[in-house]
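All chains, full assembly: derive it from the sequences and hints.
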Amino acid sequence: MADDKRLGKSNRRNFLMIAGRIVCGFALGGIAYRVIGAHMNEETAGPKSHFVWQIDPQKCTFCNKCETACVRKPSAVKAVNDQLKCSYCVVCYGHISDKNIASEKIMSEGKRVCPYDAVTRKNYSGGTDGYFIYDIDDKKCTGCALCAKGCNEKGTKSMFMIIRPDLCLTCNNCNIADVCPEKAIERLYFGPEDNFRGIYELEGSNE
Amino acid sequence: MNLLKKIVGCVFLVYLLFCTDVYSQDTLKQAGKSKIDNNQYNINDLTRGNIREFRDNYIPTEYFPMPEYMVFIDLGVLILLIFTGQYFVLKRKSAHSITVLMIITFVYLGFIRGGCICPVGIITNTTMGIISPDQVGLAELVVFLAPLIIALIAGRIFCSAGCPLGAVQHLSPEKKKQYKLSSGLNKYLRIAPIIILILTIWFAVGRKTFIACELDPYKAIFFTGQAWFEQLLGFIAGRSMETRILFACGIVTWIYLLVIMVIGYYIPRPFCRFICPYGVLLGIVSIFAFRRRRIEFSNCTYCKLCEMVCPTQAIIIDNKAKTGSLSNYDCIECNRCSDICRNKAIC
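Read top to bottom, the protein sequences are chains A and B. At position 65 of the first sequence the residue is numbered 64 (numbering that gives the first Met the number 0), and the sequence of numbers has no breaks. At position 27 of the second sequence the residue is numbered 26 (numbering that gives the first Met the number 0), and the sequence of numbers has no breaks.
Errors might be hidden in some of the hints.
Unchecked claim - Covered, in the sense of this in silico footprint (three residues per stretch, anywhere, with C-beta under 8 Å from a C-beta of chain B), are these stretches of chain A:
1. 10–21
2. 24–31
3. 89–96
4. 168–180
What the hints assert, rightly or not - Computed spacing ranges between beta-carbons, pair by pair:
5. Leu-257/B / Leu-15/A: 51 to 61 Å
6. Ser-9/A / Leu-79/B: 18 to 28 Å
7. Lys-110/A / Leu-257/B: 34 to 44 Å
8. Cys-346/B / Arg-20/A: 17 to 27 Å
9. Ile-17/A / Ile-193/B: 20 to 30 Å
10. Gly-29/A / Leu-79/B: 47 to 57 Å
11. Phe-296/B / Ala-18/A: 18 to 28 Å
12. Val-22/A / Phe-234/B: 28 to 38 Å
13. Pro-180/A / Leu-89/B: 49 to 59 Å
14. Trp-253/B / Asn-13/A: 27 to 37 Å
Stated by the list, open to error - Not close to chain A: a few residues of chain B, all C-beta gaps over 12 Å, as computed:
15. Ile-6
16. Thr-123
17. Lys-176
18. Ile-193
Hint data in this document are derived by calculation from the structure and do not stem from the laboratory. We put the beta carbon where it would ideally sit given N, CA and C, even for glycine.
Shown next, in the form of structure tokens:
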């Protein structure tokens with residue numbers, strides 16, 4: 000390889016070089032043809048948008064592995080309370096852990112479920128036993144899923160975990176998907192119709 | 000050079016402004032997203048009248064990922080970097096010109112985009128794409144093919160112009176007089192990337208796991224940088240921000256990174272030489288490149304300067320037998336040898 004001057008003279012070296020170029024060219028062209036050709040065909044067309052990782056709420060068991068496994072610390076997984084499903088309980092299982100407590104004392108003495116006190120409670124109808132709005136502060140939430148676990152086991156299942164697409168670093172290989180015991184983490188096409196109410200549709204499902 | 004720096008600075012500033020516009024709330028509204036207006040629906044200030052509206056509007060669509068066209072901007076930057084690198088290499092500009100490219104790559108592709116125009120993961124992506132094309136987007140294909148096509152023209156330019164992993168290694172501290180491996184050890188260690196390449200393809204076909212991404216030590220820097228950059232953008236655009244200190248990746252990755260950095264102080268470019276599977280593909284293609292780097296022996300004085308500065312031990316000069324060789328498989332086109340040679344023997 001040292002003396003390229005011989006390239007002109009030596010027929011064998013010249014031939015090998017040209018053959019190598021042709022083989023490389025065909026290999027690259029073949030890969031391009033395979034993928035682009037499939038994208039041109041409408042039946043086998045690829046993703047219109049890019050991939051995101053998302054949790055299937057039907058499979059999630061709120062095991063708190065998301066908190067520790069995510070490469071991003073604090074985790075990109077956050078708890079969300081869907082206000083359309085929430086029934087505005089006086090005693091919320093995602094908010095308070097001891098249930099035998101007088102409703103006046105909940106705000107002052109009640110033992111919180113969330114270790115970081117991210118679940119907020121706000122009375123909007125007046126009176127001690129009125130309607131309460133529960134909201135989760137995403138600045139404090141670490142994705143430990145304790146509130147969502149309480150809400151889903153005993154409550155109205157309004158709280159659920161999402162991987163926030165703006166925080167997710169979209170790794171090729173999701174660490175949470177590796178450790179998830181229920182295989183609830185899925186790679187989806189992110190579409191503008193996804194609203195993270197916990198009812199996103201998978202390909203092939205009829206729900 | 001000064002003009003170049005100014006242009007780069009201006010482009011970066013414009014990009015910053017552009018990004019904040021992308022993330023601003025007006026853009027989200029224009030895109031047809033319903034979103035809670037924080038002033039209108041304050042959780043602490045709700046009355047019976049607007050509670051119904053609050054409920055109907057409570058959809059967390061403020062979680063909005065990168066817009067689609069950002070991919071094309073990334074690809075544009077990548078291709079621009081590679082072509083600039085090709086110009087610098089073919090004109091045999093100084094080694095500092097390559098360093099400028101590496102800084103841009105480190106900041107843009109590394110910090111801003113999280114190192115995820117990545118030569119390592121793209122092999123798995125493309126293998127999955129060859130098997131079932133709906134698994135891979137056209138952007139990934141371009142990232143895979145563009146460096147290889149350029150390699151067929153002028154060698155492994157991607158390694159020293161567009162690769163964020165190469166940029167970290169290029170910019171990280173290294174000893175002035177580097178430690179040279181013996182040729183036998185070098186030969187055996189160079190088999191490792193080939194094995195990793197085969198394993199990567201094997202795992203991509205079978206289990207669809209990204210084995211090469213696990214071996215990438217620099218993801219710790221890039222992911223942390225990207226997370227911090229997103230926070231900065233959020234601060235400018237007025238989105239909700241994380242109040243805690245952000246860190247990506249576990250302690251194992253950081254220790255691995257430290258080990259690779261320490262090795263890199265004595266032996267430059269350890270990842271490129273002994274781990275990177277994409278380098279194997281680039282190397283094979285660049286053996287057949289049209290305009291390869293070679294030694295013009297009629298000008299050579301056998302001073303061994305180029306052998307000393309070469310970061311990948313691609314050049315071997317024997318000053319007794321008056322011969323030498325330049326391996327295009329190993330050469331990463333960093334322009335150091337042509338910069339140091341006074342007789343223009345490297346061309």
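Outcome of the hint check:
no. : hint                              : in the structure
1   : 10–21                             : holds (count 3)
2   : 24–31                             : holds (count 4)
3   : 89–96                             : violated (count 0)
4   : 168–180                           : holds (count 5)
5   : Leu-257/B / Leu-15/A: 51 to 61 Å  : 44 Å, violated
6   : Ser-9/A / Leu-79/B: 18 to 28 Å    : 38 Å, violated
7   : Lys-110/A / Leu-257/B: 34 to 44 Å : 42 Å, holds
8   : Cys-346/B / Arg-20/A: 17 to 27 Å  : 20 Å, holds
9   : Ile-17/A / Ile-193/B: 20 to 30 Å  : 25 Å, holds
10  : Gly-29/A / Leu-79/B: 47 to 57 Å   : 27 Å, violated
11  : Phe-296/B / Ala-18/A: 18 to 28 Å  : 26 Å, holds
12  : Val-22/A / Phe-234/B: 28 to 38 Å  : 52 Å, violated
13  : Pro-180/A / Leu-89/B: 49 to 59 Å  : 54 Å, holds
14  : Trp-253/B / Asn-13/A: 27 to 37 Å  : 51 Å, violated
15  : Ile-6                             : 30 Å, holds
16  : Thr-123                           : 7 Å, violated
17  : Lys-176                           : 25 Å, holds
18  : Ile-193                           : 17 Å, holds
When held up to the earlier numbered hints, the structure conflicts with 3, 5, 6, 10, 12, 14, 16 and fits the remainder.
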